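Asks: Sequence:
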Amino acid sequence: MQNPEKFRKAQAEIDIVLGEESLRLYPQPPLLIRHTLKPETLHGGYKGEEEGHKVPKGTDIFISVSEFEPDRFLRTKESNGIEDWAGFDPSRSPGALYPNEIIADFASLPFGGGSRKCIGEQFALMESTVVLTKVWNRFSLRI
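Numbering-wise (this note's numbering), the sequence shown opens with residue -12 and increments by one.
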């Protein structure tokens, strides 16, 4: 191998792109459904209401995870504080190959979060790692 350091860097980037980026861009399921058991209030001045938005008991709430996921790895803050396109940069990753909702401060929810989180998350992540490893071993890459 002519450039082992470049190869390791490319391999690390591919691991992040194929794992984390695929989950970020195409989360499964794309919708989380929650059913309110009691009256709730969505905080933050939803629709300009300072006291929040009232949600009655028995309401189904649909959360679009694919729209919720930010493109934080594709943008950078300019000196004026405005985000601008920066291209994909794995160094902006939250610090784990497969960040969970806690590490990513609930900005990444491909498997949901909290007590109703998908019980198959770890299996799915390990299975995807095994599949990528098998694919990686069948091809040669030159850098």
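Some hints could be false.
Straight-line Cα separation of at most 30 Å, DSBU-like style, residue types lysine-lysine; simulated pairs [to be verified]: (1) Lys121 - Lys(-7); (2) Lys104 - Lys25; (3) Lys25 - Lys41; (4) Lys44 - Lys25.
These are calculated hints, taken from the structure and not from any lab test.
This structure is a prediction, so every number in the text was calculated from the model and none was measured.
Asks: When you check the alpha-carbon spacing of Lys104 and Lys25, does it fall within 30 Å?
Replies: Distance of about 20 Å is within 30 Å: holds.
Asks: Mind checking the alpha carbons of Lys121 and Lys(-7) for me, to see if they're no more than 30 Å apart?
Replies: 21 Å, holds
Asks: Between the alpha carbons of Lys44 and Lys25, is the straight-line distance 30 Å or under?
Replies: 4 Å, holds
Asks: CA of Lys25 to CA of Lys41, is that 30 Å or under?
Replies: 11 Å, holds
This entry satisfies every hint, going by the numbered hints stated previously.
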